[in-house]
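Undergrad: Listed below, chain by chain, are the residues.
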Amino acid sequence: MEIVGIDQISPDQLIIWSWGYITIPVTILYTWLVMAMLVTVSWFVTRNLSSDTHVSRWQHFLEVIVTSIRGEIREINKKGADDYVPLIGTLFLFICLSNVLAIVPGYVAPTSSITTTAALALCVFVAVPYYGILSNGVFHYLREYFQPNIIFFPFHVMGEISRTLALTVRLFGNIMSHEKVIGILLSVTPLLFPVVMQTLGLLIGVIQAYIFAILSMVYIASATGAHEETRKHVTLVSEEGVGA
Amino acid sequence: MDKISLVAMASIIAAGLTMAIGAIGPALSMGQAIQQALAAIAQQPDERNSLTRTLFVGLAMIESIAIYCFVISMILVFANPFWSHFVKAGG
Chain A
1 MEIVGIDQIS PDQLIIWSWG YITIPVTILY TWLVMAMLVT VSWFVTRNLS
51 SDTHVSRWQH FLEVIVTSIR GEIREINKKG ADDYVPLIGT LFLFICLSNV
101 LAIVPGYVAP TSSITTTAAL ALCVFVAVPY YGILSNGVFH YLREYFQPNI
151 IFFPFHVMGE ISRTLALTVR LFGNIMSHEK VIGILLSVTP LLFPVVMQTL
201 GLLIGVIQAY IFAILSMVYI ASATGAHEET RKHVTLVSEE GVGA
Chain B
1 MDKISLVAMA SIIAAGLTMA IGAIGPALSM GQAIQQALAA IAQQPDERNS
51 LTRTLFVGLA MIESIAIYCF VISMILVFAN PFWSHFVKAG G
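Same order as they appear, the protein sequences are chains A and B. Numbering follows this note's numbering, in which position 159 of the first sequence is assigned residue number 159; successive positions increment by one, without gaps. Numbering follows this note's numbering, in which position 35 of the second sequence is assigned residue number 35; successive positions increment by one, without gaps.
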């Protein structure tokens with residue numbers, strides 16, 4: 001059952017409940033549903049953690065997820081992963097669950113609305129300077145905007161804005177386009193082929209969640225690690241100077 | 001031909017052309033990227049994990065160009081601002 005019409009690009013106009021000035025679009029409902037699922041499952045599992053030989057299967061499940069997220073982050077950022085696991089892991093789990101639930105009939109993926117993806121990309125947009133200032137200090141972080149020259153300042157700012165826009169439109173476009181493709185296929189070949197496309201949609205949803213998380217981690221790592229590289233370069237140059 | 005049908009015709013043709021032309025570049029570059037990645041994996045199977053990760057991220061970057069074209073053509077067909085403007089003006 002598709003409750004978003006084929007001619008509606010975004011599910012935001014779909015009001016599911018309204019009372020006076022308060023209206024609840026379907027996007028907000030399913031966003032909170034996904035958040036509630038994530039929070040309740042993690043709360044129930046982490047309520048009685050054990051570290052001896054007998055470990056419950058749900059704890060195993062969460063440990064596998066957290067360990068693999070941490071491993072992926074450590075592959076990108078060599079300096080350690082613990083600071084970034086809360087943000088990146090939350091982004092990944094939220095996007096992944098809200099994409100994967102799209103096989104449930106009647107569910108509308110919150111990520112198929114551009115407002116949700118814009119909000120997620122704005123989180124990354126704020127997190128990049130936050131982690132950059134936290135690891136390098138305000139002066140060194142701001143100095144990166146004027147590298148190698150003061151002329152490059154507008155280009156750095158433009159790059160920050162355009163990559164936020166790219167994160168937004170990429171996730172929104174992938175999920176929305178897939179819903180529309182299924183909607184069109186339902187009117188052309190109604191019986192079996194949409195099921196195959198739904199299976200492909202699971203793959204696309206997980207890959208897009210992975211890519212969103214990886215790209216935000218790459219952005220954060222480039223903001224925190226740039227200072228390290230310049231310092232290494234400076235020491236290299238000074239050593240060469242001593243050698244000559 | 002009145003204004004409304006002119007807008008409709010122009011936006012439908014532009015939507016088709018956007019998809020058609022906009023898919024050429026990403027298709028060619030994705031093919032090339034996958035070809036290079038397969039060659040690299042065949043040469044160094046041990047590096048498969050990092051190669052695959054980089055390939056996926058790169059493919060997503062390339063694919064987003066085609067996705068931009070798709071979003072533009074969807075806006076042209078389903079949420080055209082000029083269309084609603086002319087419909088409102090024409091009554």
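Be a bit skeptical, because a hint or two may be false.
[Said to hold, decoys possible] Derived list of chain B stretches under chain A, where covered just means 3 residues or more per stretch with a C-beta under 8 Å from a C-beta of chain A:
| id | segment |
| --- | --- |
| 1 | 14 to 26 |
| 2 | 32 to 44 |
| 3 | 47 to 57 |
[Claimed, not checked] Which residues of chain A face chain B? A partial, calculated answer using Cβ under 7 Å:
| id | residue |
| --- | --- |
| 4 | Ile9 |
| 5 | Ala166 |
| 6 | Ser177 |
Because the hints were derived from the structure by calculation, they are not lab data. Just so it is clear, the structure is predicted and the values come from calculations on it, not from any experiment. Here a beta-carbon is modelled for each residue, glycine too, at the ideal position from N, C-alpha and C.
Undergrad: Each hint should be assessed against the structure and marked as holding or not.
TA: Comparing the hints with the structure gives:
{"no.": "1", "hint": "14 to 26", "verdict": "violated (count 0)"}
{"no.": "2", "hint": "32 to 44", "verdict": "violated (count 0)"}
{"no.": "3", "hint": "47 to 57", "verdict": "holds (count 4)"}
{"no.": "4", "hint": "Ile9", "verdict": "holds (5 Å)"}
{"no.": "5", "hint": "Ala166", "verdict": "holds (6 Å)"}
{"no.": "6", "hint": "Ser177", "verdict": "holds (5 Å)"}
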